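For the protein sequence lines, the chains are A and B, in the order given. Residue numbers for the first sequence follow the numbering used here, so the first one is 125 and each next one is one higher. Residue numbers for the second sequence follow the numbering used here, so the first one is 125 and each next one is one higher.
Keep in mind that the hints were calculated from the coordinates and are not lab data. Just so it is clear, the structure is predicted and the values come from calculations on it, not from any experiment. Don't take each hint at face value.
Identical copies carry no separate label here, and so any pair may be met within one copy or between two of them.
Heads up, simulated DSS-like pairs for lysine-lysine below, C-alpha to C-alpha not over 25 angstroms straight-line [as the list claims (entries may be wrong)]:
no.: 1; residue 1: Lys-196; residue 2: Lys-151
no.: 2; residue 1: Lys-151; residue 2: Lys-373
no.: 3; residue 1: Lys-681; residue 2: Lys-326
For reference, the chains in residue letters:
Protein chains: 2
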Amino acid sequence: MTEARKFKNKYGYFTDDGREYVITEPKTPKPWANIISNGDYSLMISQTGGGYSWRGNAGQNRITRSMQDIIKDPWGKYVYIRDVETKEFWSAAWKPVMADYEYYEVRHGIGYSIFNQKINGIKSKMKVFVVPDAPVEIIEITLANESERKRILDVTTFFEWGLGFAPDEHREFHKIFIDSKYEDDINGLLVDKYLWGFPDEKGRNNNISWEYTAFHAVSERPKSYDGDKESFIGIYGHESCPRAMKEDKLAQRVGRFVDASGSLQVELELKKGESKTVVFTIGAAMKSYEDPKELANKYTNVEAAQKAFEDVHKFWSQFIDTEEIKTPDEAMNIMTNVWLKYQSISCRLWGKSAYYQTSAGYGYRDQLQDSQIFLISKPEYTKKQILMHAEQQFNEGDVLHWWFTIRGGGPRTKCSDDLLWLPFILEAYLKETKDFTILDERVSFLDGGRATVYEHCKRAIERAFHRFSPRGIPLMGDHDWNDGLSAIGNDWKGESFWVGEFLYEILKEFISIARERGDYQFADKCKIVYESLKENLNKYGWDGEWYLQATTDHGLKVGSKENEEGKIFLNPQIWAVISGIADKDRAKKAMEAVTKYLLKDYGTLLLYPAYTKVRNDIGYITRYAPGLRENGGVYTHAATWSVWAYTLIGESELAYEAYKRICPPNRSDNPDGYMCEPYVTPGNTDGPLSPYYGRGGWTWYTGSSQWLHRVATHWILGVRPTYEGLLIDPSIPKEWDGFTYRRQFRGATYLINVNNSAHVNRGIKEIYVDGKLIENNVLPDFKDGKEHRVKVLMG
Amino acid sequence: MTEARKFKNKYGYFTDDGREYVITEPKTPKPWANIISNGDYSLMISQTGGGYSWRGNAGQNRITRSMQDIIKDPWGKYVYIRDVETKEFWSAAWKPVMADYEYYEVRHGIGYSIFNQKINGIKSKMKVFVVPDAPVEIIEITLANESERKRILDVTTFFEWGLGFAPDEHREFHKIFIDSKYEDDINGLLVDKYLWGFPDEKGRNNNISWEYTAFHAVSERPKSYDGDKESFIGIYGHESCPRAMKEDKLAQRVGRFVDASGSLQVELELKKGESKTVVFTIGAAMKSYEDPKELANKYTNVEAAQKAFEDVHKFWSQFIDTEEIKTPDEAMNIMTNVWLKYQSISCRLWGKSAYYQTSAGYGYRDQLQDSQIFLISKPEYTKKQILMHAEQQFNEGDVLHWWFTIRGGGPRTKCSDDLLWLPFILEAYLKETKDFTILDERVSFLDGGRATVYEHCKRAIERAFHRFSPRGIPLMGDHDWNDGLSAIGNDWKGESFWVGEFLYEILKEFISIARERGDYQFADKCKIVYESLKENLNKYGWDGEWYLQATTDHGLKVGSKENEEGKIFLNPQIWAVISGIADKDRAKKAMEAVTKYLLKDYGTLLLYPAYTKVRNDIGYITRYAPGLRENGGVYTHAATWSVWAYTLIGESELAYEAYKRICPPNRSDNPDGYMCEPYVTPGNTDGPLSPYYGRGGWTWYTGSSQWLHRVATHWILGVRPTYEGLLIDPSIPKEWDGFTYRRQFRGATYLINVNNSAHVNRGIKEIYVDGKLIENNVLPDFKDGKEHRVKVLMG
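Just need the whole structure built from these sequences, with the hints factored in.
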């Protein structure tokens, strides 16, 4: 069988169905990882075999340890294979031994990674995944003897225990509280930690234990084990050539006095042509309700591992397969159908950790936006997320900018936009589901009391109403969406025109919600602000050819033609269009400026030109190198919104350009320049002032993944929910012949077939639903759980 | 010349004068380091070559980066040597290349380390030190061609820039704010960082630049340079075999977009028998008053480096050579004369960083105690330290438990003893100097206002007076000296008997100070507390055979025969003796208990038996493994005080035993068990319940170094200041024939020769000063700046 190899380059390719990315060369330009999660237990693994595991929905709650180093790869959970007779050893992935191989292949899939290789006549297959419904990861290794003689091999694991903390710099202190023991009845190690970096109920530090027991077990009786990094690696040694590989057996040092690591060693005899499978598990059982031994024994055998692997496919299918597009754009298909959902859910919402950032919390704005990814497949998950974020609000309406998802707590800041994302995302939920009961859900405030979700949203908006400048523009506070504008408005004088536009967009919808509930007084109040916002933003925010970003506490303009650097910012232009602040003429002008200054080879820049000088009055955005991240690079999150804005002004071709340039598989032609994985979005791409123009960074853990999915489906394909039903309003490249789109909507399934033989960008001629012509471009809301065929003729 | 090799073992030895420790085997059981500092710029370097540099008196303000890992050694500032013709390469220290050597030798000296080796026919000598009066370190390398042919060699440096932060886990963010450039006129690199982890004047984070410019320069025109870790190491590479060693020249990547590192490469041609010297410098100039180029050019040449190295000896001589003992105990001589002073000053007071801990601050109690090391050589430094700590006090008398020495700030806690160390150390200063003017120095409080040092001490004592239990015992608060008792008394109910003893000791002296100043009211108040303390501590604190440590908030005894674990604590026994709380009988009994339960093979344990179960009501001490650190190990700081207490009850032989067992050179016979450097004190040594009984840890950065010096000189040799003059009261082993002691005292120099041909432990028969018999054992206070000969006859 030869497989189609999509977007193939010298490092790898997508499989035909787009569900696997296959890497054939372990030395990619940066570690190309997979972030695997079941929502409670997660792991990161790169194509080299480097990686680490964590539990409890927070990257900081590490189970195994890593030191993150892009150049040298992280420390990993490593597996050594050794020929017991010849003493030759290599590893089941390229790292750490980095042995010469006959072939090498890594398949990063949805919920698993598989390492296939052949070295020294031994074929090995290492499958790494997380059990869908238990805090257990499985490392299943199959060895096949393809040599001409009987082989005796041993397989040895090694990793360091982290157990409850991620910052590695205090390891010299934390590691001494770890306690490991070998237990015969699980063929493995049980490990506790008597210190956790959280205060106890009285606020005392260093007075609670890590609330889990970790384990590492194997499906065969091990011939030896070890729990000590020093005995395994050897002092001044290196994982590529550890002391343990020079000894017949492992040192079996466990207990409370070692430099805690985990190793199990099993021996396998393989006749010529024979193959055998051994299953290792790593897990962390919460002491209060899980038995680590039970967990270990349940999953540490070949049958259970195989069953669990089948379950992984079923598990992910729920999130992936409720929606499918087929367009002429293979990159769009692969990303929309598979990887953007996976990235958003597995990494951003669940794993919350990647090479570039280890998070312990939910960002108020961040995961709220991300949760839109569930709207089509499982809107109840979006609802859950909305309620969870509503709970992080104070009675005064402001919120925790982020909070720890383990044991709570986070910073109350003066950020000007975070609180407003609650009504914004609520609107998306309502339009998808029409589930207005959410407005009556009662949710607590952080500082006591409870109120309905409606009331929570109202308080957020009212809080924003208290933060206006005398000329009627929202104040910047600590910063707006752009965290790097961190010094503009701390004195509550500087303004954010973008917050004004965002608030305008929210009010537009919230006025009717308030009216529907009979809260006419608030609706009227909103209406007044709504109208004055439009007037004031256009009066004070229009710079002649585009909209300003902000003014500083000292009254200086930011994002103005008067500036030498940071003349034009992206967000105020596209949100003027999205929100409707801009009339047709200004929308056109503003977007022309975006096209002229910001739409570049690798996506739409966040601002232009980048700051080359540090500005204490603007903030840390000016401290980045010019062209890097927010400072004039492509910040993918915002770049997706430019797609949306282009469709709104009818510039479908530009919208598609703005999309294509940030759609990762399209960067496959220059992997050494781009550096990042072609199957997930990067947080940012270097802008023109960078000598590494076009280089991506901060992959996986970025809110851009959900938005890239959304702008493709809702704004390019133009299939989006309204209260009336599912709207069909494509804004596609003329050259497309059409596309199909299968998606769930309020229980029913719509099989939409769009015919663009007319080769237009926009415009619907006819729509047939189940064979019947309908009158407008809104599909009826069947609520019947059935499939409905939709034929759309553009023209 | 053959040198005497003192305390020689398989890893190394002390030179005859004790001023160098020579390591002949790079693979010691743990990295055996040197901490070199001039008070403002510091560096750590191990015998392998691993290490890092920092500035501004705080380990967290790193200039070069390291990841601390005892097993694998830290990342270092590495130097590669390469034969340009054969392409063979090795390193100027063992790490990172770990090449086979003909010989290898590291000399850790006072203010420098020298690496001598011979590899591939090339003798190399690398001298690493810090310029005494500038923020510059010098790496001077001399290569001698001992092969039979002409050799062309290049020498290449490599290290990562840290620039202002130590916790390495956020490097992925911080590194992108570093900016490097190559400058022809310094033959090297200049490096800035546009982000520093301190808030600006408005409390805004991420809004200030690192306040230094770092540089790396070389005395020859380099043939190439690099500023990028990725191009130097190569992705997935390793420092043992970097990509750069496979290329003719370095990649010359600098600027703001790289993974900031520093490398310079010079080429040397060496005829047979020829040798050449090249000088590299690394430094960090504070932008507001130093010019980095000037600094670089001043020191980056062979003559300046040689001059600076001579200055290092002169610099350290001021602190080392004002005092010298000669006893029959070589370990005591070497440690007292050289290394304990060096450790206390170079690491604890100045460098404040080592493998086991990176500090950014001064501990209120810590460096105050440490500063006693200056009393003999430079008491004005002790005074400066006292005034600095007094400034960290609030008007209410309590203090910052520690504070950042860069840009200020630290935690205000409910610790019960920290504030009291001010009057305690003041007393030591007064007795040494009789400089009572310090009491009138006016020093500010943290929360406004100023007062005399006397008043600061008084407020500390008054604050302590407000923290008593109803039965007249001081309360524990967050903890006492023993930080690990962190959960005993947070509700202000649990008591600390040790704090009572400590306060008693302080009051004993302070009552007369108050009287002298005419503050009779306070003197009387102190007197009342003083007397009631003695009564109450003996009434409630005596457990039958020893004194209790504490009671908990729930009223449980800690350190009582009623306890199964933690039956007896060291501090309450020895401070009962030191303070005079215990009468003769109880002093004897309490110390008998110390001898019975605590004085073990490797020193006096902090408590017995160690806690094996976690106790939430006691604190994190119980979370350590049994026998580790405070949990029933030898905590060297307190173990030194047991020497003091034994001398006070006349048990000179036991005092000497307690001393000998913790005096590091005495552990040279079992370096693989002890693991630590024999030339500096460890913070702790594993106790009997540890499987690694006798293993040391936390070397260098420990307050035990000053105290080990003090108990040897003041309490074993018994030469200690009183207001009347220098008291001579030895408490030595009978078998000693005597000892000599040269020391400064109030300007004059005393050459003391003690004759113990009577072979007694204690007792003075006759003392002759400058040939004249004196009447008691207190040497007159000459204040004449001259030398005085003192003959002491024991008996």
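How the hints compare with the structure:
In the homo-oligomer, the alpha carbons of Lys-196 and Lys-151 lie at most 25 angstroms apart both inside one protomer (11 angstroms) and across protomers (24 angstroms), since each shortest distance falls under that limit. Within a single copy, Lys-151 and Lys-373 get their C-alpha atoms only as close as 31 angstroms, which misses the 25 angstroms cut-off; across copies the closest is 23 angstroms, which meets it. For the identical chains of this complex, Lys-681 and Lys-326 are inter-copy neighbours only, at 21 angstroms across copies versus 48 angstroms inside a copy, given an alpha-carbon limit of 25 angstroms.
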